[in-house]
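Novice: Listed below, chain by chain, are the residues.
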Amino acid sequence: MQRNKHRLTMTKKQELEGLFFAMPFIIGTLAFFAYPIIYSFLLSFGDLDKAGGTMRIIFSGIGNYKRIFVKDTTFLPELLNVIYASLLKVPLTLIVSLLFAIMLDKSKRFKQFFRIAVFIPFLLGTGQVLDSMLDLGFSKQILNIWDNPYIPQELLTYMGEDILTLLESLFNVIVMVLWSCSVQTLLFLSSIQSISPALYESAQIDGANAYENFWKITLPMVSPMMMLNAVYTIIMCFTGRNNNVLKYILNYTLQKAQYGFSSALGWIYFLVVFVFIGVAWLLIGSYAKHNAKGG
Amino acid sequence: MLTVNNDKLGNFCKKIPNFIVILIMLGCSFIFFYPYLKMLVMSFFSAEDLNNFTVSWIPRNFTFSNYSTALQFINYFQNAKNTLIVTAISTAGQMLSCAMTGYALGRYKFRGRSILFAIVLIAMVVPIQTYIVPQYLLYSKIGWLNTYLPLTVPAFFGYGLKGTFFTYIFMQYFASLPKELSEAAKVDGCGFIKNFIYIMIPIARSSFLVVFVFAIVWHWSDYYEPAMFISVSNKAMIASGLENLSYITTISSEMISESYDVSSEMVINNATLMAGALMITLPVLVIFCFLQRRFVQGIEHTGLTGE
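So the sequences go chain by chain: A and B.
With this note's numbering applied, the first sequence covers 1 to 295.
With this note's numbering applied, the second sequence covers 296 to 602.
Treat the hints loosely; a few may be bogus.
Unchecked claim - If you want a taste of the chain B side facing chain A, the calculated C-beta under 10 Å gives, among others:
#1 Ile317
#2 Arg408
#3 Ser409
#4 Ala418
#5 Ala479
#6 Phe491
#7 Ile575
#8 Arg588
Don't read these hints as lab results, they were simulated from the structure.
Idealized CB from N, CA, C, for every residue including glycine.
Produce the complete structure using the sequences and hints provided.
Specialist: Laid out in structure tokens, this is it:
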């Protein structure tokens, strides 16, 4: 046995070792992931045979998908709303968390305190606690412009309702972004702190200013983390609980028990998320490549 | 759009003096701490305080009864014990299996590696709502419903709650380590499993710490999968208790007494909800307070991305 192993070539040995470490995941994929995902895909082309109590699928072609795009009048508008919100939120979250990470890296005073502060909203979790707070309107209370004693009433009347509503929703988005950027800030911070100080030192000798440092050193060095953060943020934006599309899909799954249709909805949704991630991948990937080439 | 904004902000951020940075961070800290402050204050409100618009921060009628009501209604100690079991087991499982998978993907080249990586990405991206029905059918077929197995066993195979995200974190870390590291160990006659256990795991401890904290917080506050797979009330998770509570605050008192076993002197309102929410996040908060020094510094010194 032992001799046999020695006779294996280097690459073969590498391959076996790699497979050894990947084994749990391969087993997990086959046992817990492959079946549900394939089944759900097939289910989206039909419906579950409810009468028999079995897991048989009655196929009906692309009927479910046709229904989504032709008959259903709520899904697509809601989907567009979620897409618009994500187009705003994802870049904003990435920028804000990168900025926080840089500030935390640079700040000398209250360092420890700020690092804890950034992480505090994360401890609320993504689930029920945060939801009940949003239901009570916590996010709107913080930056309240309507009955704020510090803003003169004349200014409010001068600005008019439209602008104020816009401002209010903007503030709301900012608060939500701040509450959901802990994970990204932390990952960026760790990435920034692993950049070798020698890079900045040699840049300083060459006379680079802070602006050039950011563009030529910090940003390229954090771009792998940018990718992970982008993926995470996109997923978070699309699968957060406060999301009308998911509520709509869940309604079909749990209340109306139209499993085939809800699967089809889920797959369309998944496709949208995947396109988002693909675009992020291309943008950040091409940026990283450009840096690798041009320096 | 992204680059233009970054440009201005990055430039701006570098030029403003330190005290403005501190000012901004203090302002943001208020927003970060706001949920906890408000939650804490509101949990002491009496029913009159809730309806009184002039009371916003300091409760006029200080009351502790919200806590006892919330604890009783959520069935706190029973459910916390259940959640603790599931959280501990799945966190341990995920730290082990995700590190292994991340190590394989980050440091080995083998046939099917790109396929596995694609699966990691897909599993990370597909919302669980897409395939929860077939999963439910699968678990009901093998008799795992109303047990903790659907919540814990997949964690040992790189799945479970956000398991593939953890795999990605580990993968990125291991990929960034220099090749020479394991070469040297190999020359000294260290086998590949020993190499992983005695060299790679200690080096990656900051990643382990990050995954540990993430996993604990997420498992603790997870409500969706437990609610799907567990319908027996004495096995319920802590977050689903809060979900019931928040549902009750939205319905009328007649409906409450009809469908729930609630005595008439129990007052359930938003203050109770906040007391419950605070009690639920409290264990996580305590764990974080104990770990925060290590957590923040561990990342700082070793760096999650290598070096």
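Novice: Tell me, which hint numbers fail for this structure?
Specialist: When the structure is compared with the hints, numbers 3 and 5 turn out to be violated.
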